[in-house]
Amino acid sequence: PSGPHRRAMWFILEWRGIALISFTWVLLAFADAAVTYYVLLTWFAETPGAWVSSLPLSYVGSVIFLVYQVLFLLTLASHVASVFTDPGTITEDPPANFENPRFCQICQGRWKPPRAHHCKTCK
Numbered sequence: 086p087s088g089p090h091r092r093a094m095w096f097i098l099e100w101r102g103i104a105l106i107s108f109t110w111v112l113l114a115f116a117d118a119a120v121t122y123y124v125l126l127t128w129f130a131e132t133p134g135a136w137v138s139s140l141p142l143s144y145v146g147s148v149i150f151l152v153y154q155v156l157f158l159l160t161l162a163s164h165v166a167s168v169f170t171d172p173g174t175i176t177e178d179p180p181a182n183f184e185n186p187r188f189c190q191i192c193q194g195r196w197k198p199p200r201a202h203h204c205k206t207c208k
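Numbering-wise, the sequence shown is residues 86 to 208 according to our numbering.
Everything labelled a hint here was simulated from the structure, so no lab data went into it. Don't take each hint at face value.
[What the hints assert, rightly or not] Taking lysine to aspartate or glutamate pairs in the EDC-like style, the calculated list, with each CA pair at most 16 Å apart, reads:
| id | residue 1 | residue 2 |
| --- | --- | --- |
| 1 | Lys197 | Glu184 |
| 2 | Lys197 | Asp171 |
| 3 | Lys197 | Glu177 |
Could you put together the complete structure from these sequences and hints?
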């Protein structure tokens, strides 16, 4: 979306977060390599003339490989989107069109959205 409701990119440069992001990507790359090598190339190997010249796989193996890689890329794209998207915050005051807002007695009178648990005491 564009205009005033467009969500800005959000990323905090903090070493633990960057380490976890990197660790996640290493695990995903390892899983992709393991599935490709130990499953697809072992179970669906075709020695005489492959369907795709750069993949030594049978027709079924090539289709499974392509579907798996598309799903893998969608996984990476979802992870990137979740890392760089602002999770959102609660405004100081309730929206004008919000009826009967509840307020927290402990958190300096902040309003509580429905089904939100913003502190351990309020629940």
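Here is what the structure says about each hint:
| no. | hint | result |
| --- | --- | --- |
| 1 | Lys197 to Glu184 | holds (12 Å) |
| 2 | Lys197 to Asp171 | violated (20 Å) |
| 3 | Lys197 to Glu177 | holds (10 Å) |
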